[in-house]
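Undergrad: Residue numbers (the UniProt record's numbering), protein chains in the order written: chain A, 1 to 427; chain B, 1 to 427; chain C, 1 to 427; chain D, 1 to 427.
Since the hints were derived computationally from the structure, they do not count as laboratory data. The C-beta atom is built at its ideal place from N, Cα and C for all residues, glycine as well. Treat the hints with care, as some may be off.
Unchecked claim - Listed below are several chain D residues computed to face chain B (Cβ distance under 10 Å; list not exhaustive): (1) R25; (2) K27; (3) V331; (4) D333; (5) D383.
Stated by the list, open to error - Derived DSSO-like pairs: lysine-lysine, alpha-carbon spacing no greater than 27 Å straight-line: (6) A:K241 x D:K241; (7) B:K148 x C:K313; (8) D:K313 x A:K241; (9) C:K273 x B:K245; (10) C:K148 x B:K241; (11) C:K139 x D:K417; (12) B:K241 x C:K313; (13) A:K313 x D:K241; (14) A:K27 x C:K27; (15) D:K245 x A:K273; (16) C:K148 x D:K420; (17) C:K110 x C:K319; (18) B:K241 x C:K245; (19) D:K245 x A:K241; (20) B:K139 x A:K417; (21) D:K273 x A:K245; (22) D:K27 x B:K27; (23) D:K139 x C:K420; (24) A:K420 x B:K139; (25) A:K420 x B:K148; (26) D:K110 x D:K139; (27) B:K417 x A:K139; (28) C:K27 x B:K273; (29) C:K420 x D:K148.
What the hints assert, rightly or not - If you want the footprint, here are the derived chain C segments under chain A, 3+ residues with CB under 8 Å: (30) 251 to 264; (31) 284 to 296; (32) 330 to 341; (33) 353 to 361.
Protein chains: 4
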Amino acid sequence: MNIEHKDIALHNETLGETHQRNLNRLKEDWGTIAIDQAIAKLVAFQIAIPSWALGTGGTRFGRFAISGGEPRTLEEKIEDVGLLHQLNAASGAISLHIPWDIPTDVEQIKKLAHQKGLLFDAVNSNTFQDQPNAPLSYKFGSLQHVNKAVRQQAIAHNIEVIKQGDGLGSKALTVWLADGSCFPGQLNFRNAFENTLDSLQQIYSALPSDWTLLVEYKGFEPNFYSTTIADWGQSMLLANKLGAKAKTLVDLGHHLPNANIEQIVALLLMESKLGGFHFNDSKYGDDDLTAGAVKPYQLFLIFNELVEGMDAKGMNHAKDLGWMIDASHNVKDPLEDLLQSVEAIMLAYAQALMVDREALVQAQQQNDVAQAQEILQHTFRSDFRALVAEARLRANAALNPLQLYRTLNCRAQLINKRGKNTTATGL
Amino acid sequence: MNIEHKDIALHNETLGETHQRNLNRLKEDWGTIAIDQAIAKLVAFQIAIPSWALGTGGTRFGRFAISGGEPRTLEEKIEDVGLLHQLNAASGAISLHIPWDIPTDVEQIKKLAHQKGLLFDAVNSNTFQDQPNAPLSYKFGSLQHVNKAVRQQAIAHNIEVIKQGDGLGSKALTVWLADGSCFPGQLNFRNAFENTLDSLQQIYSALPSDWTLLVEYKGFEPNFYSTTIADWGQSMLLANKLGAKAKTLVDLGHHLPNANIEQIVALLLMESKLGGFHFNDSKYGDDDLTAGAVKPYQLFLIFNELVEGMDAKGMNHAKDLGWMIDASHNVKDPLEDLLQSVEAIMLAYAQALMVDREALVQAQQQNDVAQAQEILQHTFRSDFRALVAEARLRANAALNPLQLYRTLNCRAQLINKRGKNTTATGL
Amino acid sequence: MNIEHKDIALHNETLGETHQRNLNRLKEDWGTIAIDQAIAKLVAFQIAIPSWALGTGGTRFGRFAISGGEPRTLEEKIEDVGLLHQLNAASGAISLHIPWDIPTDVEQIKKLAHQKGLLFDAVNSNTFQDQPNAPLSYKFGSLQHVNKAVRQQAIAHNIEVIKQGDGLGSKALTVWLADGSCFPGQLNFRNAFENTLDSLQQIYSALPSDWTLLVEYKGFEPNFYSTTIADWGQSMLLANKLGAKAKTLVDLGHHLPNANIEQIVALLLMESKLGGFHFNDSKYGDDDLTAGAVKPYQLFLIFNELVEGMDAKGMNHAKDLGWMIDASHNVKDPLEDLLQSVEAIMLAYAQALMVDREALVQAQQQNDVAQAQEILQHTFRSDFRALVAEARLRANAALNPLQLYRTLNCRAQLINKRGKNTTATGL
Amino acid sequence: MNIEHKDIALHNETLGETHQRNLNRLKEDWGTIAIDQAIAKLVAFQIAIPSWALGTGGTRFGRFAISGGEPRTLEEKIEDVGLLHQLNAASGAISLHIPWDIPTDVEQIKKLAHQKGLLFDAVNSNTFQDQPNAPLSYKFGSLQHVNKAVRQQAIAHNIEVIKQGDGLGSKALTVWLADGSCFPGQLNFRNAFENTLDSLQQIYSALPSDWTLLVEYKGFEPNFYSTTIADWGQSMLLANKLGAKAKTLVDLGHHLPNANIEQIVALLLMESKLGGFHFNDSKYGDDDLTAGAVKPYQLFLIFNELVEGMDAKGMNHAKDLGWMIDASHNVKDPLEDLLQSVEAIMLAYAQALMVDREALVQAQQQNDVAQAQEILQHTFRSDFRALVAEARLRANAALNPLQLYRTLNCRAQLINKRGKNTTATGL
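Modelling step: build the complete structure from the supplied sequences, incorporating the hints.
TA: If you want it as structure tokens, here you go:
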């Protein structure tokens with residue numbers, strides 16, 4: 001479905017007065033220049049939507065479908081992301097998953113995406129499930145497998161994914177491996193690592209020169225004794241051995257309890273090995289909850305490191321890292337959930353942009369811990385939502401995307417169009 | 001399939017000499033009387049097999065089937081448990097899950113179980129998934145649901161499960177609820193608890209007088225913000241409000257990181273509110289690994305509390321608590337996995353029986369911490385496998401069940417009989 | 001030291017215009033009535049300061065003193081709390097620790113506290129350390145000890161603490177026990193619990209009729225295998241057996257990783273067994289960091305449950321629970337740290353007061369999860385600091401307490417008065 | 001104190017028959033050759049005792065002294081380790097901590113150690129506490145400090161420690177840093193890391209050519225927001241930048257909850273960056289409990305990786321890594337505790353030596369997960385204590401060190417000699 005400009009305009013008009021008042025307050029408090037600089041950065045900032053987040057997610061105990069209207073094809077997935085992007089002007093990319101999203105007509109798909117203003121973000125391979133027609137099973141791993149033939153199948157699949165992505169204009173391959181073991185003794189850790197490295201080297205060799213290989217890590221699940229790329233140290237070790245085009249991808253839910261993720265982010269940036277992000281939130285493990293829903297201050301602290309670290313390296317916030325949501329949606333309309341995630345991410349980014357960095361550096365240099373805390377809390381406790389809304393307004397999107405989505409009965413329209421019993425590919 | 005007595009006899013003969021030597025060593029070291037007393041208790045000790053553990057388990061990322069031969073019907077599940085029981089004489093009960101295991105011909109099923117020497121352990125209800133024909137969804141909970149009609153449906157289901165179990169001779173209903181919430185604000189915790197209590201009271205009212213209602217708790221998953229019966233305190237609070245027939249069920253994998261489970265067990269026994277166990281092992285969460293595969297010392301410490309606490313209360317080890325495995329099997333043959341779990345449980349029980357309790361009490365009374373540790377470690381470091389094997393031998397089962405299972409090519413036989421592409425009901 | 005009214009007045013005048021603007025914005029956005037109601041509640045809300053938080057804290061690896069001026073006597077501790085209360089009008093109580101704070105002249109102390117506008121909050125006993133003159137050691141526990149004589153010594157100490165508190169006007173005894181064990185086998189869990197219960201019953205018997213016995217729990221530390229009152233379930237079990245005057249005290253840092261504290265709070269309120277709070281923040285364990293410094297959203301969610309639950313029970317927010325900070329200060333001036341903690345607590349309380357409860361209930365009734373999240377986030381993302389500041393203004397305290405503390409060089413004044421090498425009693 | 005040979009001989013005679021029977025059983029079961037090979041390796045294996053573990057440890061809540069006899073001087077510490085080594089012939093080295101253990105007469109100390117058969121293991125620097133005469137404070141870190149002068153002081157201290165160690169014959173410096181931060185904003189993570197690297201480079205430059213620089217990591221404590229060398233990835237990153245003489249030191253208690261330590265060990269060995277170990281056990285954090293007291297199977301699995309990995313690299317088990325205990329002793333006699341730790345470590349090493357590696361590799365190659373588990377469990381469940389005892393016997397030490405220590409009333413003798421109110425330096 002497509003939202004008509006007049007609907008957005010009407011919505012913005014209705015909320016316009018309040019919004020202007022809020023924005024003016026920010027200008028009054030923080031200065032027009034600082035506010036405008038932040039807005040410009042917010043306008044440029046885009047968060048990719050993964051194709052598998054558009055349908056109902058599930059757990060191993062089952063899946064509860066939403067009321068319907070899930071995208072049944074790649075075209076419909078692009079439509080859904082286009083819808084989000086119309087609403088928030090911050091979801092200008094889609095991240096595809098192969099084999100769930102193999103385009104039948106590449107040119108047609110590219111044209112559709114272009115119409116919707118969407119780029120193709122990193123493509124994702126899948127060696128954590130067996131495909132119906134695959135001769136060999138990934139039950140005991142893929143790139144780590146003791147059997148070279150299985151590794152070759154997985155390598156070939158990844159190279160195929162690169163080709164698919166290259167055709168669409170993607171510039172990165174994300175490799176997330178479920179590889180690991182469930183029981184002590186099952187695996188020789190060293191061999192598993194070395195096999196994985198060797199496999200990744202072959203994939204790396206097939207990478208176009210302007211591509212990035214994003215090596216994701218995860219502490220546990222679906223293997224429950226060991227994971228072969230379990231933490232940032234293992235991912236960076238691989239990335240260093242692979243070469244400059246290989247980088248680490250951080251998924252916020254992939255850490256052991258109590259990990260200081262913002263420190264990891266800072267160190268990866270320092271080493272020029274941070275490649276990108278999978279945003280979500282969690283309380284226990286890889287819970288894949290809406291970004292910012294449980295630990296919004298952590299999200300802010302991560303962005304605080306990102307802004308500081310990227311600026312220190314002279315990096316372009318919008319372009320030099322890959323930003324993507326990776327969440328699952330059990331109890332919400334997936335599109336509403338994605339709108340909430342994007343909002344929380346943009347807000348954390350806005351807060352990080354507004355931190356008084358000079359004062360913070362000074363407090364750090366003086367070990368004035370209380371003052372450093374004051375500076376961060378002052379920013380976090382301020383209300384920058386109007387900043388994010390103004391970025392949308394300037395990009396012709398909605399001041400309140402979720403509210404407009406509901407007002408326009410978007411889900412009902414999607415159900416009308418696609419039916420009640422739809423299932424999107426995904427977990 | 002059925003194992004012929006002569007196969008068991010041959011196996012035992014082959015291993016007999018070594019076994020006798022090992023057993024004699026134990027008698028030499030620990031005294032014949034103590035050894036014989038322990039063996040008698042081991043012979044009596046039975047661990048129920050859950051019907052859903054007989055097929056391949058999975059994670060939310062997918063399921064990797066075993067090579068085939070999974071039980072397709074309740075009859076075949078009973079056959080599988082019968083096979084295990086033939087091998088280890090310690091799996092003399094099956095725990096059914098409704099609606100996956102509704103018998104079509106109750107008398108036939110009872111007869112079959114009787115032939116196999118099996119009892120029907122606790123029956124398990126399922127309100128964590130929607131059933132195809134159910135009018136209302138459990139997406140937002142069952143016994144906790146804000147909508148009374150949903151609660152009524154879930155209550156009626158539980159009462160139906162009691163009836164099914166009653167027909168087969170079960171004496172307990174296990175209620176595990178996935179109920180909880182994924183996001184802050186989703187739930188009013190108090191109302192959710194009160195609704196759950198009210199629902200459980202109605203189920204409790206329908207309980208036959210000689211039945212037990214086992215209230216299971218779980219810290220997290222599949223809900224990732226809150227779980228409505230999240231810990232032993234919440235379970236016991238409910239059990240206390242329900243009455244004497246309601247007790248707490250402990251699943252080893254259902255705790256927050258680092259929880260001291262053995263202490264929980266001791267306190268529940270103290271309060272006469274421990275009802276039973278779901279055995280498995282885990283490193284991260286509800287990993288459902290083979291019992292004793294990761295933390296065997298913890299399993300021993302738990303049995304140490306069980307033996308001490310049950311003896312203090314004058315309870316019958318074999319009969320006064322419900323013992324069940326609850327594990328999932330991703331990378332092993334499920335039957336092999338169950339044999340390994342039972343072996344680990346029996347061994348931990350054997351170790352606990354052999355603890356020098358008098359000396360331990362003395363060390364505790366004197367705060368001789370090093371000595372108390374020595375006593376437990378001495379027992380744990382001793383090799384009591386011959387005790388468990390002898391218990392099997394006396395019950396006409398195999399000295400080494402896993403070895404015999406492999407020697408007889410049991411899986412191949414099951415595949416021959418049932419085919420390669422079988423799927424058992426379950427997760 | 002004492003702050004002169006004119007200094008506060010001057011400070012408030014300087015910040016007044018900006019404050020009024022901010023307050024007016026809130027009135028514009030939320031309505032004058034709602035704002036005024038919240039301010040009235042904030043004015044009434046007081047958080048007790050523990051006497052041991054006024055000096056430098058430490059870890060087992062050492063203590064780094066602040067530059068000086070720590071309170072050397074009970075009188076100076078009262079002065080320090082008086083100073084905080086002058087600044088924020090929200091620290092109107094002091095919580096004493098016996099034997100660190102035994103008054104030599106009770107009437108003099110009461111008079112001094114009265115002058116400073118301070119009440120005496122819960123008194124705290126100490127059986128986690130040996131006192132120089134104590135005949136028996138708490139090395140192996142106190143109320144749990146296998147030796148009755150040790151238990152009697154600990155009971156007598158607690159009764160003495162009650163007497164001390166009674167003389168000063170306290171109305172509650174907080175019992176935090178380090179009791180537990182470091183190694184498997186060291187303790188019989190059941191006996192330890194029963195001894196503890198028996199000891200607490202004797203202390204309970206000595207409690208004046210209008211007193212509360214607050215039973216604190218803690219998951220681990222300083223014992224590292226088991227703690228005898230380890231979680232809310234164990235604390236509530238004891239409180240239920242003791243009687244109506246016994247309640248559970250929640251310290252935010254005393255939980256296992258990932259615990260849902262807000263749910264625990266809601267259930268304790270439901271059972272009328274929540275007695276009070278020790279506020280602090282933490283990332284790993286009992287880190288005793290400044291309240292709200294790491295997980296401000298969790299603090300808000302806890303207050304959200306407190307406000308909802310107390311209102312449901314018709315409780316008085318300010319009077320019916322005990323509110324106290326329990327934090328340690330390694331790298332900050334302790335008084336600055338306490339000002340930051342109080343500010344964070346007041347802000348979380350203010351946010352919770354402003355939640356649109358009617359809308360939240362409606363969203364919950366409709367299982368509109370996204371909307372429920374929107375409601376909580378809308379409140380949390382709004383900037384209510386002016387509410388808290390206005391409450392201070394109305395109570396003649398400072399709009400920005402930390403800033404005024406620094407402007408007036410309070411620490412330098414304290415050093416001048418007390419010297420550089422002072423050490424406050426405490427950990 | 002010194003144990004007379006005749007006392008050991010008498011002890012061994014008393015236990016000799018039983019021991020021989022147990023040893024013969026092992027030979028019968030596993031073959032004389034394999035048993036003898038393992039014994040030879042056990043005889044060669046030595047675990048260093050840290051000088052600070054000889055006195056009572058404590059927590060931040062206090063310290064409970066043992067009954068007396070703690071070593072008051074470096075000489076007495078060497079005597080205590082000598083005593084342990086007489087008893088178990090496996091504690092042939094002492095690890096010193098500067099400034100607690102600065103020798104006044106180096107030659108005298110070397111002579112004494114030589115008499116006791118002790119080597120000097122890694123020396124340990126201390127920049128986590130301020131020393132009385134130090135001009136600058138480590139309150140805000142040492143090697144990471146924003147102030148270059150503080151870094152220089154810490155660097156100079158480490159170089160001084162190297163000199164002290166060099167004089168005694170040590171070959172390694174262990175750097176454990178408490179450096180980190182307690183609050184968000186306190187630290188610029190990148191600068192802290194870079195400062196630390198720069199400081200370590202200067203220390204590395206001062207390292208004798210045959211020395212190793214051991215870079216220890218720790219997840220948290222005493223800083224509770226971030227630690228600057230927090231995990232193996234950060235330690236290895238530093239070690240890689242420093243050079244071949246820099247390696248990572250693994251302390252078992254320094255990880256986040258649920259970390260798979262054995263995998264970390266395997267990967268560090270793979271990278272030739274594992275330098276050594278601090279053994280202890282823990283349930284919650286850096287609990288510093290007796291090795292093997294809580295998770296003996298984990299200790300076995302770690303040794304399983306060590307043996308496999310060192311053999312794959314052609315390393316000498318006894319010489320190519322640094323083995324040390326790092327535990328604290330609150331509730332036990334420290335010497336008894338150390339005897340228990342050494343016993344547990346030796347047993348885990350013995351078990352790892354006895355793993356059927358060929359069969360394990362085969363099972364791994366076939367993804368026979370159940371069989372791989374059987375192999376490890378078979379070894380772990382066997383009783384190899386006689387192996388460890390025989391290694392002691394062959395080295396003229398006691399069959400049961402703890403029993404002999406008690407029989408000879410060693411603690412009473414130490415108290416007689418040193419008095420009741422002794423305090424050893426340490427935490």
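Undergrad: Work down the list of hints and note, for each, if the structure agrees.
TA: Evaluation of the provided hints:
no.: 1; hint: R25; result: 6 Å, holds
no.: 2; hint: K27; result: 13 Å, violated
no.: 3; hint: V331; result: 5 Å, holds
no.: 4; hint: D333; result: 7 Å, holds
no.: 5; hint: D383; result: 4 Å, holds
no.: 6; hint: A:K241 x D:K241; result: 15 Å, holds
no.: 7; hint: B:K148 x C:K313; result: 23 Å, holds
no.: 8; hint: D:K313 x A:K241; result: 20 Å, holds
no.: 9; hint: C:K273 x B:K245; result: 25 Å, holds
no.: 10; hint: C:K148 x B:K241; result: 34 Å, violated
no.: 11; hint: C:K139 x D:K417; result: 24 Å, holds
no.: 12; hint: B:K241 x C:K313; result: 20 Å, holds
no.: 13; hint: A:K313 x D:K241; result: 20 Å, holds
no.: 14; hint: A:K27 x C:K27; result: 19 Å, holds
no.: 15; hint: D:K245 x A:K273; result: 25 Å, holds
no.: 16; hint: C:K148 x D:K420; result: 25 Å, holds
no.: 17; hint: C:K110 x C:K319; result: 20 Å, holds
no.: 18; hint: B:K241 x C:K245; result: 21 Å, holds
no.: 19; hint: D:K245 x A:K241; result: 21 Å, holds
no.: 20; hint: B:K139 x A:K417; result: 24 Å, holds
no.: 21; hint: D:K273 x A:K245; result: 25 Å, holds
no.: 22; hint: D:K27 x B:K27; result: 19 Å, holds
no.: 23; hint: D:K139 x C:K420; result: 16 Å, holds
no.: 24; hint: A:K420 x B:K139; result: 17 Å, holds
no.: 25; hint: A:K420 x B:K148; result: 25 Å, holds
no.: 26; hint: D:K110 x D:K139; result: 35 Å, violated
no.: 27; hint: B:K417 x A:K139; result: 24 Å, holds
no.: 28; hint: C:K27 x B:K273; result: 54 Å, violated
no.: 29; hint: C:K420 x D:K148; result: 25 Å, holds
no.: 30; hint: 251 to 264; result: holds (count 3)
no.: 31; hint: 284 to 296; result: holds (count 7)
no.: 32; hint: 330 to 341; result: holds (count 6)
no.: 33; hint: 353 to 361; result: violated (count 0)
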